[in-house]
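Novice: In terms of the numbering used here, the sequence shown opens at residue 14 and continues consecutively.
To be clear, the hints were calculated from the coordinates, so they are not data collected in a lab. These numbers were taken from a predicted model, which means no experiment stands behind them. Some hints could be false.
Only pairs whose alpha carbons sit at most 16 Å apart, straight line, appear in this in silico EDC-like list of lysine to aspartate or glutamate [stated by the list, open to error]:
| hint | residue 1 | residue 2 |
| --- | --- | --- |
| 1 | LYS243 | GLU200 |
| 2 | LYS258 | GLU216 |
| 3 | LYS221 | ASP268 |
| 4 | LYS258 | ASP268 |
| 5 | LYS243 | GLU220 |
| 6 | LYS105 | GLU216 |
| 7 | LYS261 | GLU207 |
| 8 | LYS181 | GLU193 |
| 9 | LYS105 | ASP173 |
| 10 | LYS261 | GLU200 |
| 11 | LYS258 | ASP341 |
| 12 | LYS105 | GLU193 |
| 13 | LYS258 | ASP173 |
| 14 | LYS261 | GLU205 |
| 15 | LYS221 | GLU205 |
| 16 | LYS240 | GLU220 |
| 17 | LYS240 | GLU216 |
| 18 | LYS221 | GLU236 |
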Amino acid sequence: MSFRSVTWVSRQLRSALQGSTAAALQRDSASLASQQVTWSRMSFGAGLAAAGLATFVTSLPQADCAPAMEKGQAPPINLAKAGFAVPKTSRKIVFVLGGPGSGKGTQCSRLVAEYDLVHLSAGDLLRAHMKSGTTDGQMVADMIKNGQIVPSYVTVNLLDKAMADSGKTQFLIDGFPRNEENRAAFEKTGMEPEFILFFNCPEAVMEKRLMGRNEGRTDDNAETIRKRFKVFLESSMPIIDYYNKQGKVRKVDADRDPSTVFIVDLLRSNGVLGPRGCRKATHIGTGLVYLLFWPLYSPGPSAKFVCATVPGLATFYFWMVGIGACRDKSLLERSTRSGQRQELLKGPLWYGLAHTLLTVAFWRTSPSGITAIAMLCAGDGAAEGFGRRYGRGNPLPHNSQKTWAGSTACLIFGFLAAVAYIQTAAYLGLLQPQQPFGSIVATSAIVSLASAAAESLPVGEWDNVVISLVAATSARLLYGC
């Protein structure tokens with residue numbers, strides 16, 4: 014599943030659970046399509062991997078928006094425990110459908126962690142019912158073992174009871190309805206889904222996931238898995254088609270690693286990782302990933318110029334969009350604070366230019382260039398994230414826009430990145446002359462301190478230039494190369 018897909022999923026959930034109109038959902042769908050333009054248009058492919066690398070730092074800020082189920086609100090009263098029945102017509106339900114192993118349960122559990130939702134898995138309820146010792150339970154066990162779908166009345170009753178027992182009104186129902194009989198039986202209760210999340214995933218990917226997990230389930234063997242796929246295609250796909258005609262299906266591309274699906278775009282959808290956060294994610298990760306490719310270039314004298322074309326092309330593209338020669342809404346959302354193209358001609362332009370010049374001036378044989386890029390990316394990027402999270406109300410005496418927490422993060426993360434990358438270069442025999450580890454640590458500490466001081470200065474959009482100059486100059490003086 015792609016990052017953008019989950020942004021959309023989260024947005025649909027919040028919109029539907031707050032009673033949004035169908036027109037709002039359609040606007041979000043159009044918004045998803047418009048977001049498909051990415052960093053690859055800049056030939057700066059390293060930036061794509063960079064966003065994931067930087068997630069842990071950039072996810073630090075707190076949400077500024079106020080969704081209906083925002084964290085920190087008082088928990089809702091459980092009406093069932095208080096002795097009151099929740100009317101069925103007040104329930105807001107989202108069906109989550111997809112083939113076995115498509116990632117429905119994994120992503121539902123993560124959505125539940127962010128919203129005040131109840132996740133009900135039809136499969137889990139049925140498996141629990143199997144162990145109840147009842148006649149219906151044994152029947153369910155036999156049918157699941159054969160890859161068949163159980164009678165609708167059993168599943169509907171289990172779901173209805175679980176919803177009533179929860180005392181809440183907002184539900185993700187995973188793996189239901191699985192056929193036309195299920196759908197008709199559910200709708201007879203007077204309940205309707207707000208919309209359907211359809212997790213679309215190739216059978217080969219789903220089978221690999223199912224065979225790779227070890228949950229002790231009797232239906233996780235190759236023969237039964239293939240039966241389940243066949244049942245899904247024959248019975249569940251018509252349900253998806255039925256709801257699609259009503260405009261209720263929200264399709265999600267679910268064929269990527271579930272562990273990387275959720276983080277960045279759910280944070281964006283909640284306002285935690287907004288335009289500023291995405292800008293910093295790119296700011297941190299792009300340069301660090303860029304450095305990883307340096308050892309792959311040939312030892313020839315032209316290698317540094319070839320390598321420098323990567324940030325050089327990105328810088329040129331920034332300039333083209335900034336002057337209005339090209340249009341790229343996605344780039345503006347990810348690389349600027351204001352969303353205005355003119356901002357690309359300031360910080361982002363200098364960021365790309367700094368990478369280009371540092372590559373040509375120092376290349377991989379000198380620790381000075383590596384140190385400067387590490388400080389610019391890891392140090393400066395971490396400063397804003399930590400400053401917004403931990404430094405509020407504690408500004409620096411000489412710059413009210415910066416904090417002690419941010420400057421400290423700049424020093425620590427810049428130092429760690431510099432030591433890690435320089436030591437790697439030393440281990441690979443790239444540095445000329447070689448530097449002992451003690452010298453690398455001591456010099457990186459001094460350069461990090463100087464760079465953190467530079468980062469704290471009130472220089473505005475020139476911070477990328479100032480930090481790069483201070484880091485490169487101080488490293489050059491200390492290393493002598």
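Novice: Each hint needs a verdict: does it hold in this structure or not?
Specialist: Taking the hints in turn, this is what the structure says about them:
| no. | hint | in the structure |
| --- | --- | --- |
| 1 | LYS243 to GLU200 | violated, 25 Å |
| 2 | LYS258 to GLU216 | violated, 24 Å |
| 3 | LYS221 to ASP268 | holds, 11 Å |
| 4 | LYS258 to ASP268 | violated, 24 Å |
| 5 | LYS243 to GLU220 | holds, 12 Å |
| 6 | LYS105 to GLU216 | violated, 31 Å |
| 7 | LYS261 to GLU207 | holds, 7 Å |
| 8 | LYS181 to GLU193 | violated, 27 Å |
| 9 | LYS105 to ASP173 | holds, 13 Å |
| 10 | LYS261 to GLU200 | holds, 15 Å |
| 11 | LYS258 to ASP341 | violated, 33 Å |
| 12 | LYS105 to GLU193 | violated, 21 Å |
| 13 | LYS258 to ASP173 | violated, 26 Å |
| 14 | LYS261 to GLU205 | holds, 11 Å |
| 15 | LYS221 to GLU205 | violated, 34 Å |
| 16 | LYS240 to GLU220 | holds, 11 Å |
| 17 | LYS240 to GLU216 | holds, 12 Å |
| 18 | LYS221 to GLU236 | holds, 13 Å |
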